[in-house]
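As given, the protein sequences belong to chains A and B, one line each in that order.
Quick note on numbering: the first sequence equals residues 1 to 524 in the numbering used here.
Quick note on numbering: the second sequence equals residues 1001 to 1381 in the numbering used here.
If you're looking for bench data, these hints aren't it; they were derived computationally from the structure.
The structure presented is a predicted model; accordingly, all values stated were derived computationally and were not measured.
We put the CB at the ideal spot given by N, CA and C, even for glycine.
There may be inaccurate statements among the hints.
[Stated by the list, open to error] Cβ pair distances, simulated, as ranges:
| hint | chain 1 | residue 1 | chain 2 | residue 2 | range |
| --- | --- | --- | --- | --- | --- |
| 1 | A | D152 | B | Y1074 | 57 to 67 Å |
| 2 | B | G1081 | A | M180 | 40 to 50 Å |
| 3 | B | G1081 | A | S281 | 25 to 35 Å |
| 4 | A | I466 | B | T1272 | 49 to 59 Å |
| 5 | B | F1087 | A | L128 | 52 to 62 Å |
| 6 | A | Y15 | B | I1063 | 51 to 61 Å |
| 7 | B | I1099 | A | Y15 | 54 to 64 Å |
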Amino acid sequence: MAHGPATLADGWVKYISRWVFTTNHKDIGTLYLWFSFAMFILGGSFAMIIRAELFQPGMQLIKPEFFNQMTTMHGLVMVFGAIMPAFVGLANWLIPMMIGAPDMALPRMNNLSFWILPFAFAILVATLFMEGGGPNFGWTFYAPLSTTYAPDTVNYFIFGVHIMGASSIMGSINIIATVMNMRAPGMTYMKMPMFVWTWLITAFLLVAVMPVLAGAVTMMLMDINFGTSFFDAAGGGDPVLFQHVFWFFGHPEVYIIILPAFGVVSQIIPTFSRKPLFGYSSMVYATASIAFMSFIVWAHHMFTVGMPIAGELYFMYATMLIAVPTGVKVFNWITTMYKGSLTFETPMLFSIAFVILFTFGGFTGLMLSIAAADIQYHDTYFVVAHFHYVMVAGAVFSGTAAVYYWLPKWCGKMYDETMGKVQFWIAFIGFNITFMPQHFLGLAGMPRRYADYGLQFADWNMVSSIGAFMYGAAQILFLFNVIRTITHGKPVDKPEVWEGAEGLEWTVPTPAPYHTFEKPPQVQ
Amino acid sequence: MLKRAQALFLRTLGAILALVYVGSANAESASSQLNMPQGVTEVSQAAYDIHMIMMWICTVIGIAVFGFMFYVMYAHRKSRGAVAENFHENLLVELLWTIVPAIILIVMAIPATTALLKVYDTENADIDIKVTGYQWKWQYEYLGEDVKYMSELRTPQDEIYGREPKGEHYLREVTEPLVLPAGKKVRFLITGNDVIHSWWVPDFGVKRDAVPGLFTSAWAKTDKPGTYVGECTELCGSGHAFMPVVVEVKEQAEYDQWLADKKATAAEYASTIGKQWTFDELMVKGEEVYNRSCAGCHAVNGEGIPGVFPALKNSVIALGPVVEHLRVVVDGIPGTAMQSFADQLSEVDIAAVIHYERNAWGNDVGDITQPIDVLNYKQAK
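Using the sequences and the accompanying hints, generate a full structural model.
As structure tokens, this is what we get:
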């Protein structure tokens, strides 16, 4: 390419056109990452409203109706707007550089899959300002609360979900096509970095289950507007059918979120241990078996719905089994650190916290898999605590680790290590203050999605809210640190940036040029 | 460097200790606030036992794994001069940490299965009670006894919105609790009327979704009389947090007395249904019923929630012919959130609330709807 990317110096029309029409994987990765951070702040502010209302018993700030919109939007925005696009952004930036490809296989579709996302979320968020308010039926949108009993704006929600699904499917097809066709000579499947492996498997999961979600919302659309009765018992349908369809999408979805996080951590821990990843091939097999099992355990989300006992037993046993490959991964990470030469830069701190807290979330997950005990845990704050240990300390911590780890490669500047560590400790402590007490609340009997609660739950709710504000503050520091790095960071010029970093992305100059690997590298 | 590792270590140790503390806490002490209640039935005891087994297994594994991890983080730091080795696989170790967890899981599955079998043992019950979830209250029907009533939150709105201090039983009090006899096996047949609810009594270890169009069952048998409080645990709309479950377990004799009183009250009510009410009596009664059963959607001021629930103030129904108004309240409007109130409210309540809706907030139709009109409408169908 003769010319570089347009900068502000070329005039704002050219500059904006660059981002709107870009087909460059690095530009699109950047767009995804900034978009996901914006959504993270938005979804986070919904969480702050929730925690502020729950600070004390009684309704102080908002009405229960709006509270339900907040819990719903928090879940939807965080899952579909913050976490998933963040990992797609990382995939865009890193996969071509990691496998020695010049760009993604389908660059125009890449542009499209990003640029429909802001519209999807504009439509979704706009419902908050419409008559009837936003979706108020939980991010799991169980029928008939989300059909017969939903506000009219549910149609916008359905349209938004369809667009998000289309975006995810296009993004995944692109990743599959890139990984299968564009690897550099010598880059065999079993030499690919773990991040590429986890994303390849995730992409297959996405292609498999996003259409199921689309089917679920389309059936809703038909029930609401065209007189069908898929989920209406009065017309011969079944509300439980909705839950089966939803969780057939929803359970693989949680692995869609966590598998790329596994990949990130599998890149970072070896770097700061200065030692290769332990058990690479067992990592690959464990990832693949987790992905497979994610399709056959969905009804463990429905242990109280009144399934026959044979169904409960099957789903309980299958769910317990997931602990085996997950355990393999945790053991591998720890053994990677064993007899290494460890340093604790910010990405490593977040990765270690990931291993500890994700494993903790795994333990509560194992407890939840026991159907007889789940009868007490189900739909309580114990579940809320469990999935935030996995989603926040899992996906969000690893995403933060990834940004700190690759930021110097992306922009050629080093972030402020002290500020990064301060952010880590505020986030780590704030996170545990927020979510550890929620285990106690759930066991003591506080159901989730409650706008108000009895006086016996007052103490721990207050503690949890204080922790949430603390965790929220850490994200502002994160944003500040990233922007400061880009504007004032100390320049880095070594290609490898980190002492122990291995992989093709560390062989290109720092900052990574607009076009990399125009001639494929030879992998030994 | 060392300081940081210590801090990390202490923090995590704190978290683990907190969990151990939860584990060792027992239900009799005040710390029941931290742990699952043992409850008063065989099922709740089984759930508690398997919960504790799982927690201890996880705690032991956690201490071993994290302990090793912290040792590594301390011993193999670059700052202590650690030099990285280069090994990256070991077949024996990898096989071991696949097979050993699998064996532990198989062992865990045995008590887990036994516990679940107890949950499903709903046969041979002495009493059958139908539990129906409504937005946002519960209906209890003693099958074969002709006793049926609604149980709703009793906490006033003023306490919820902070205009009055909160009482001791804030959000844990209902108009009329479910009453059960001690020592009898009770089977609950659970269903929903509108959206999905979930009926949970932690001390019984009973949580079952109340799904419209589906009956699910659960059971409880306890020898300990007392009051047990539970919640609705499936998101069911804006009143989700405001439909608690309260169960009173009485000794058999007291229970029999209660049941007899209930039947007598019902018979007495039936005999007064023909009474003529005055305009003002109906307004007072109607306001009470409206605020309890209708205001959740249509709002206390009758203006509804724009875009979700229609206003009744100046509405075509409330100002139109009374028979239309009766039809909406008694039969509901299929395919919308407006449900049939025929089973939820008595004839007196329906008459009063219709009267109130036609004559409150500036609506001034001026007619009087009597309970007997409601009865006639129902019988004419």
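A quick look at each hint next to the structure:
no.	hint	in the structure
1	D152(A) to Y1074(B): 57 to 67 Å	60 Å, holds
2	G1081(B) to M180(A): 40 to 50 Å	45 Å, holds
3	G1081(B) to S281(A): 25 to 35 Å	32 Å, holds
4	I466(A) to T1272(B): 49 to 59 Å	56 Å, holds
5	F1087(B) to L128(A): 52 to 62 Å	55 Å, holds
6	Y15(A) to I1063(B): 51 to 61 Å	55 Å, holds
7	I1099(B) to Y15(A): 54 to 64 Å	58 Å, holds
In this structure, none of the earlier numbered hints is contradicted; all agree with it.
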